[in-house]
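S.K.: Start from the sequences, fold in the hints, and give me the full structure.
FYI, the numbering for the sequence shown is 553 to 657, going by my numbering.
Just so you know, the hints here were simulated from the structure itself, not pulled from any lab data. Heads up, the beta-carbon is just placed ideally off N, CA and C, and yes, glycines get one too. Any given hint could be a false lead.
Stated by the list, open to error - Using C-beta positions, here's what the derived DEER-type ranges look like:
#, residue 1, residue 2, range
1, Phe591, Val622, 15 to 25 Å
2, Gln629, Ser596, 40 to 50 Å
3, Lys624, Asp576, 47 to 57 Å
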Amino acid sequence: MLVTWTKKREKVMPENKKQATQCDPLPEDFGSLEEFWAFWDSHSTADYEDQMEDMDVAIDIHSSKVYCAVAKDLLAQLRTRARQEGVSTETLINLWLQEKAAAVA
553 MLVTWTKKRE
563 KVMPENKKQA
573 TQCDPLPEDF
583 GSLEEFWAFW
593 DSHSTADYED
603 QMEDMDVAID
613 IHSSKVYCAV
623 AKDLLAQLRT
633 RARQEGVSTE
643 TLINLWLQEK
653 AAAVA
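M.R.: In structure tokens form, the structure reads like this:
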């Protein structure tokens with residue numbers, strides 16, 4: 553899947569809506585991804601639009617997952633078993649497939 557962003561159109565705000573907003577200064581550098589996410593989890597990008605630069609970005613996303621069809625009745629059994637094991641259905645299936653692949657290798 554190809555996702556493309558292009559330069560945003562300039563937003564025009566009516567004079568009566570313009571207000572100075574108080575917000576924390578935008579950090580020059582985040583020490584880690586955790587700090588980056590912690591900041592943006594508690595702040596709105598709308599408060600920092602005047603500090604952002606327009607840019608063109610193209611991202612080519614390749615999924616590392618492959619999807620396989622599973623019969624409905626089998627899927628119901630797998631979901632029940634996954635709940636009993638306390639894991640997601642996807643995790644249960646992957647664990648079982650890894651075990652089977654290791655056993656036949």
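S.K.: Taking the hints in turn, state whether each one holds.
M.R.: Hints versus structure:
{"no.": "1", "hint": "Phe591 x Val622: 15 to 25 Å", "verdict": "violated, 41 Å"}
{"no.": "2", "hint": "Gln629 x Ser596: 40 to 50 Å", "verdict": "holds, 45 Å"}
{"no.": "3", "hint": "Lys624 x Asp576: 47 to 57 Å", "verdict": "holds, 51 Å"}
Checked against the numbered hints given earlier, the structure breaks only hint 1 and satisfies all the rest.
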